[in-house]
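> Residue strings, one per chain:
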Amino acid sequence: MNKTLLILRHEFRHTARRRGFIVMTLIVPLIAVLLIGVSQLVSGIAGPTVGAATIGYVDELGGFQQYTSQGNITLVRFDTSDDATGALIRGDISEYFVIPQDYISTGVINRYTLEKQLEASPAITAAVNNFLLNNLLAGKVPAATITRIEAPLNLVTTRLTETGAVAPEQGGYGNLIIPFVFSILLALSIIFSSTYLLQGLGEEKENRLIEILLSSVSARELLTGKVLGIGAAGLVQVGIWVISAPLLLNLASSSVGGFISTIQLPANFIALAVVYFILGYLLFAVLSAAIGAISSGSREGQQLIGVFTIPLLIPLWFTSLIMFFPDNPAWVFFTIFPLSAPVEVIMRLGVSDIPAWQLVVSLAVLVLSIVGVLLLTTRVFRTYLLMYGKRPGIREVLRSLRSG
Amino acid sequence: MLAVEVNHIAKSFTDKVAVDNLSFSVAQGEMFGLIGPNGAGKTTTIRMMMDILKPDSGEITILGEKLSEATKNKLGYLPEERGLYRKLRVLDSIIYLASLKGVDRRSAEEKADELLKQTGMLPHKEKKIEELSRGMGQIIQFIVSVIHDPELVVLDEPFAGLDPVNTELLKGMLFNLRNQGKALILSTHQMNEIEELCDRILMINHGRSVLYGNLAEIKAKYRSNSVLLEFEGELGEVPGVTEKRTRKGYVELVLDGNTTPQQVLERLVGAGVIVNRFEIATPPLNEIFLKVVGKGHE
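Order-wise, the sequence lines are chains H and F. Each residue of the first sequence is one higher than the last, beginning at 205 in our numbering. Each residue of the second sequence is one higher than the last, beginning at 253 in our numbering.
Certain hints may be false.
[Unchecked claim] Residues from chain F that keep clear of chain H, each with C-beta distances beyond 12 Å, as calculated: (1) 257; (2) 378; (3) 393; (4) 465; (5) 469; (6) 495; (7) 516; (8) 530.
[As the list claims (entries may be wrong)] Just some of the chain F residues that point at chain H, by a computed CB distance under 7 Å: (9) 321; (10) 324; (11) 327; (12) 329; (13) 331; (14) 335; (15) 539.
[To be verified] DEER-style ranges, computed between Cβ atoms: (16) H:447 / F:386: 43 to 53 Å; (17) H:223 / F:441: 37 to 47 Å; (18) F:386 / H:235: 35 to 45 Å; (19) H:424 / F:386: 32 to 42 Å; (20) F:370 / H:209: 26 to 36 Å; (21) H:424 / F:546: 52 to 62 Å; (22) H:235 / F:375: 38 to 48 Å.
The set of hints was computed from the structure by calculation and includes no laboratory data. Idealized CB from N, CA, C, for every residue including glycine.
Modelling step: build the complete structure from the supplied sequences, incorporating the hints.
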């Protein structure tokens, strides 16, 4: 078998058997299941059920006798405020309100309660609102109109294409959730994969295995085999996440229902996610290889690569800004800048369309950066892999880049 | 055909010349010693022979073939500082590294079993490398360096860290390889090992060859023209001896330029001295090393 393939296979197995890798691969879907479970629980408790309550009212204006049952809330009429206060203190009612004689001109309703609170609960407010509305309009307009006045706006948005047809891809939060979650996973996967590469090189450098390897294969075969082997493992990881996502969504849709059913993947999402994972990983992998060669051990290497992972994570810091101002020109920069492009593009896919030219430029810059860094890496790789103990200064590295 | 031929190789790094116009050759079935002080350029020379580094100029051939990716499978290397994949099992480590030398899995497994048996390591083959002792790890690494039946094996300090039993075991295996016609290059600071194992040596200092050739001839060249004598009776004035140095249990007789040891022995016997030991003094390699390197340092 080709020696590059042998190294690829070895690195793939070595990575796939790492405890950290397995935990990471499984824990992401597990956390998703857990989150769905928790949201089911929470929605079960806080959702549609509002505790039954009895509240009192004093009708000084007159005419408010009907519609005293609003969902779980029952309204009880009292003749005077004193009666109502007595009932409140005895605990027969949780609160009461007074409809004053000048209500029609002022709209003021006086509310009395024993609780210390900022304002009435939304359920109570809605109940009182509907009680007043119904009584005011009763007999004057048809019942169906009253129902409409209670909730006049139920906004349904449909996105059209330029030809006027219904667009296959609709916007909204449902569209946003998967790209956002995925951009985080993508960043993690890229960082973990390149860290594995760095650790592997560091280990081989520390225990001098590198000498045996280089006396068996060429530096290029070693570099290619390592980058592709660990990258393949990372791709399997991303693949498992992608495949498990629809299954998890099905699991969730039975309960969280409404919102989950609006979730859909933006067009080309899977293709772009895979392409950007591969390219993003390759860029960080060749960077890691160069750093692994230059640094004296795996720990120092990880500190150095940290500098390069910051741009990768920057789009995650600006999540909410990207959400609310998706068309800001600043994002164009992060889309094209190769270190931040993978995460930025996936994230932007969720909130808006990315113009084709930006994607083309972004991919082109990414590919060119990979080729550029690879050329530089092969120059320093062999020389510095054999240099132990002492890390070369920046000036020395630059000199060997020129002469190498 | 020569196993290895090194012709005028040179290598410099950014700040210094590591190897400067070095030439030597090693025959098939020869055990060759490579010695020199620290920083003399031994490791760089070895790395160039192992095709880890490319020489700036000059040429290295293995069995007449120029060194390239294709000849790498003919090379075996035991580096000075050692280690293997700590988490990998012994057998898997051997098979993986053998596969990179072009040995298929089945042959590697068979050969590994044979070598593990020979070294008494068979019970450990399923263990992880990190569970082994240092000496055991070194034996495994030696197995890795010879499992692909290389034509040239370079061993850098092969005995460091081994107990006497394993040292003898390793020596036996090295002699076996030599008898199979392999070329072996030993690099070590332990001069007694070189004297015991090698027929020819190369000593380098500052990247250059300072001594090269047959060990016995080199020692003869550095002979101090004296004899070591253990005797009974009275040792009077011996003609041709300019100085008598009394050592513990024997005396060293320094001869003048015109007298041979044979003549001295005749005169001693003639004078009725009972000779228990009569030996032509050759300096140990250690002394030659110090002398040559010391000269270079001046």
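> Evaluate each hint against the coordinates.
Structure-based check of all given hints:
1. The claim that residue 257 of chain F is not at the interface with chain H holds, since no C-beta of that chain comes within 12 Å of its own (minimum 18 Å).
2. For residue 378 of chain F, the requirement that its beta carbon stay farther than 12 Å from each beta carbon of chain H is met, with the minimum near 16 Å.
3. Once the 12 Å rule is applied to beta carbons, residue 393 of chain F is inconsistent with being away from chain H; the minimum gap is 8 Å.
4. Residue 465 of chain F, annotated as away from the interface, keeps every beta carbon of chain H farther than 12 Å; the closest lies near 27 Å.
5. With a minimum CB-CB distance of about 32 Å to chain H, residue 469 of chain F clears the 12 Å threshold, and the non-interface call stands.
6. The beta carbon of residue 495 of chain F sits about 49 Å from the closest Cβ of chain H, which is more than 12 Å, so the claim that it is off the interface holds.
7. Every CB of chain H lies more than 12 Å from the CB of residue 516 of chain F, the least distance being 52 Å, so the non-interface label holds.
8. With a least beta-carbon separation of about 48 Å from chain H, residue 530 of chain F lies farther than 12 Å from that chain, consistent with its non-interface assignment.
9. Against a cut-off of 7 Å between C-beta atoms, the interface hint on residue 321 of chain F holds, since the closest Cβ of chain H lies about 6 Å away.
10. The beta carbon of residue 324 of chain F is positioned within 7 Å of a beta carbon in chain H (closest approach about 6 Å), and the interface hint is therefore held.
11. The closest approach between the C-beta of residue 327 of chain F and any C-beta of chain H is roughly 6 Å, which is under the 7 Å cut-off, so the hint is satisfied.
12. For residue 329 of chain F, the suggested interface contact is upheld, since its CB lies about 5 Å from the closest CB of chain H, less than 7 Å.
13. Interface hint status for residue 331 of chain F: upheld, as the beta-carbon distance to the closest one in chain H is roughly 4 Å, under 7 Å.
14. Hint on residue 335 of chain F holds. Least Cβ distance to chain H is approximately 2 Å, under the 7 Å limit.
15. The beta carbon of residue 539 of chain F comes no nearer than 32 Å to any beta carbon in chain H, farther than 7 Å, and the hint placing it at the interface is violated.
16. One distance hint, 43 to 53 Å for the beta-carbon pair residue 447 of chain H and residue 386 of chain F, holds here, with the actual separation near 46 Å.
17. At about 41 Å, the CB distance of residue 223 of chain H to residue 441 of chain F agrees with the hint of 37 to 47 Å.
18. Separated by about 43 Å at the C-beta atoms, residue 386 of chain F and residue 235 of chain H satisfy the suggested range of 35 to 45 Å.
19. Between residue 424 of chain H and residue 386 of chain F the Cβ separation comes to about 33 Å, which falls inside the hinted range of 32 to 42 Å.
20. Between residue 370 of chain F and residue 209 of chain H the beta carbons are some 31 Å apart, a value that agrees with the proposed interval 26 to 36 Å.
21. Checking the proposed 52 to 62 Å range against residue 424 of chain H and residue 546 of chain F shows it is violated: the Cβ atoms sit about 44 Å from each other.
22. For the pair residue 235 of chain H and residue 375 of chain F, the beta carbons lie near 44 Å from each other, so the given range of 38 to 48 Å is met.
Hint compliance for this structure: hints 3, 15 and 21 are not met, and every other hint is.
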